[in-house]
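**Student:** Read off the chains here:
Number of protein chains: 2
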Amino acid sequence: MSEAIGFIGIGAMGQPIASRLIDAGHRVSVYNRTASKAAALVEQGARLADSPADAVEPGGIAITMLANDEAVEAVTLGDEGLLTKLGNGTHVSMSTISPDCAQRLAARHAAQGGHYVAAPVFGRPDAAAAGKLWIVLAGGAAVKQRITPLFEAVSQGVYDYGEEPHAANVVKLAGNFLIASAMEAMAEAFTLAEKNGVDRQHMATMFGETLFACPIYKNYGAMIAEQRYSPPGFTLDLGFKDMDLVRQASAKAQAPMPFVSALLNRMLALRARGQGGLDWSAVGRGVSEDAGTA
Amino acid sequence: MSEAIGFIGIGAMGQPIASRLIDAGHRVSVYNRTASKAAALVEQGARLADSPADAVEPGGIAITMLANDEAVEAVTLGDEGLLTKLGNGTHVSMSTISPDCAQRLAARHAAQGGHYVAAPVFGRPDAAAAGKLWIVLAGGAAVKQRITPLFEAVSQGVYDYGEEPHAANVVKLAGNFLIASAMEAMAEAFTLAEKNGVDRQHMATMFGETLFACPIYKNYGAMIAEQRYSPPGFTLDLGFKDMDLVRQASAKAQAPMPFVSALLNRMLALRARGQGGLDWSAVGRGVSEDAGTA
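Chains as they are written, first to last, in the numbering used here: chain C, 5 to 298; chain R, 5 to 298.
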């Protein structure tokens, strides 16, 4: 069924997701703080909205894909935010945000008879463009049924974590933590081997073909082995934000996570030296710098 | 070509490897400190040797699969060690030992015109029994050519790291470090999620089907999600030994590895509480204990 969708946030991920929704026949209105970024989507048939509220219809669907808690709260709760117009519609929040923020937003929507669904994604911009994202879903059963058809256009699979939206955000943060841990571990392993005369790329290839024959180890393994940290697919600055959200969630849940502490210090040191704009696989650069081989 | 092989060390890994070599038609003599462990192999056709030297022939092949540096050095350099008889033969060392030990042993063999090849393996006992090990190989080109046919009986793939035997030991240690890091990261992620109401097993299944669809995350992920840490396939005591070898190699190479420090402390705490005999995936138990959910 064709839906009227207000799509808010046309960044590296939002752009290909919105594009695929237009291709799938949905009526999409787009809003972005920097309107010029919406030009390609408008050419493709999207309507350009001049505020988050203007992008959505009462009872309709709003999709947000933004960088952090503050941005999602601004477009939702601001004077011209989507909450002023969405009514009993559904807000599908795809951003990687804190579980706390998800709980606050869910309560605000519920208070006016609306719905909030968390649907953060795994996958980089090229996976979004190919419709190959993995979606982590949580929210009310009825609204999940309504929005699930939308995901067919952008994902290769949807995992449902029940009725509490923030559960999906915890899973997304946990996944980014697993990726960051894998990158740090590979960088340490490759650098130890390098200093013993072993070729980094030979080793990355071997592990990517054997014990760790999976996308994260193959793709990030190649980047870290070759020390190829730009252009960024996902920046270290954003990765640091996510690890800081993991740290907060860990503290709130009283779940000690020593690897998170190590990762935060790693990323903080790189940002302090002006490398926050590199791909977040640049944790490997930090390892090489520590070892004197950068 | 059928070879005369002296196989030394009939433990959880040595047993199935020796068994497959017998099945492949090689003439195998076996030695084990506790001779009774060799009974099944003798029934299968192996000759029982009463010392490491007795197991090998001058110019032949010796294979050692033992727990640590000390054990390999004892059967090689002892009064009745294989070095007293092997002459210009080849010692294939499959144990997970330190790179330093490999260098010492290679020098001793070379001094008498013999050869030392490092061939540590990835895979647990069931993989050995199925002939599905991965072999990490390093040593002189001519002897590697001689022994490679032996590996067809036990492995699904051989990766060659050149002429310096200790390089293979570094790669093996680095691989065990990657596995231990993945286990710690999964345990931290699952426990964070659990304390937020998310089912550990649902999450392990999802990551094992998506970002981390590879043996280590699938198999250890299931064990850690279910908190199933016995019977052990590879004990925490042995895992600790390996992480300590990684630490030593890291210090010698001046390659800082913060994750190794975290893993050593994790494993040390579990051993201090009498849990060294559990499977090494019990790092997950340590994470749960810290979080008050064990």
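No wet-lab data here; the hints were simulated from the structure.
Please note that the accuracy of each hint is not assured.
Any copy will do: because identical chains look the same in the list, a pair fits if it lies in one copy or spans two.
[As the list claims (entries may be wrong)] Derived lysine to aspartate or glutamate pairs resembling DMTMM-like cross-links, with alpha carbons at most 20 Å apart:
{"id": "1", "residue 1": "Lys256", "residue 2": "Glu293"}
{"id": "2", "residue 1": "Lys199", "residue 2": "Glu84"}
{"id": "3", "residue 1": "Lys136", "residue 2": "Asp203"}
{"id": "4", "residue 1": "Lys222", "residue 2": "Glu84"}
{"id": "5", "residue 1": "Lys89", "residue 2": "Glu7"}
{"id": "6", "residue 1": "Lys245", "residue 2": "Asp164"}
**Student:** Can you list which hints this structure breaks, lowest number first?
**Tutor:** Per hint list: 2, 3, 4 and 6 violated.
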